[in-house]
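Peer 1: Chain residues, written in single-letter form:
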Amino acid sequence: MKFSRFPLLPALLALSLSACQTLNSPTVGKGISYGDSKAVETVSTDLGSTDIQTTSEKMTQSLLQTPLLQDIIRKRGLLMASPVENKTSEYFDTKLITDTVLSHLQKNGVRYVIAGDEMQNQVDELRRQNQSGLYKKSSAAKVGNMQGAQYRLDGSVSSITKRGSGVKDVYYKINMRLIEIESGIVEWSDEKEIRKVLNY
Amino acid sequence: MKQMILTFSLGLACLGAALPVYSDDGGSIASKVEELGRMDYLKVADLRAVRRDGLLRVQATISNSSPANQQLHYRFRWLDNDGFTVWEEEPWKPELVYGKQDKVLNVTAPTFKATDFKLELQSPNNSTSAENPGNVADKPPYR
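Chains as they are written, first to last, in the numbering used here: chain L, 1142 to 1341; chain U, 659 to 801.
Among the hints, erroneous ones may be present.
According to the in silico footprint, chain L covers these stretches of chain U (three or more CB under 8 Å from chain L) [claimed, not checked]: (1) 707-715; (2) 747-757; (3) 764-776.
Since the hints were derived computationally from the structure, they do not count as laboratory data. Given the structure is predicted, the values throughout are model-derived calculations rather than measurements. Beta carbons are placed, not taken as given, at the ideal position from N, Cα and C, and that holds for glycine.
Based on the sequences and whatever the hints tell you, model everything.
Peer 2: Structure (structure tokens):
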């Protein structure tokens, strides 16, 4: 036989041919796949990714059109945001809306200062640098130099749920406002309405 | 055929200057619209863009030729003068268009950098077209 002097050659040839027929993806595991994070999510009537994304988008676009916000960008003014209040009966992290709006605004030149839960981390770090004795005084961030915002962003999510024979209707209303902190004047507000219907 | 108008008035609106207007029988609209598959019932009947206060604003009228309600999914791609995207991929947005309705979509660019756009459209009632096999959608953008 021609291959008798190389008994492993036919096996290697077959193995290399079979390897050419299937292309393995660079993945590990089975049963889980990555979906499109921008797809329209219709898994349930609860607030979902599409609602958060479209609401944040609408609020950002509406804010950017406001002459006041364009003025804030020009004059390097400062914003802060209180978390969007969840007035619905369902649980979801409304901070997602606030964070996305702030992120989109910052990409357009808006500066904002931290507030709320994040404040504790900021205070901790300032204390660590100034009171622990571990840092050079010349390089430590000084206490008393934090800047206050002139405007505050806040908002709320409310919902009305109705059930009939074979139908569940959920109406969401998301409201956001831009308030001048010193005067308390609401300088801008907008809302987004969402209706989700489940027929069963 | 209903005359389709694409109006661009970039950069000059805030100055109150005369604006360039382009109108034709659909060629300009076609260059701005990307349909995933061929939409049988929904058509972009009118498309206008204007730059106001530094932001590109787009108004699209979607016409439903069917007596039945049609589901539409759409999103914009924001571009600069060189055709580069200047904003992250937008989420698909659902919109219900009633039978025989002309639905107006008003959108403002999310960034001052946007000077041009593409409108992506998808309807679950799309049909696939052999003439355009590279742009065929077999699934709606549902999750």
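Peer 1: Please write out, lowest number first, the hints stated earlier that are contradicted by the structure.
Peer 2: none
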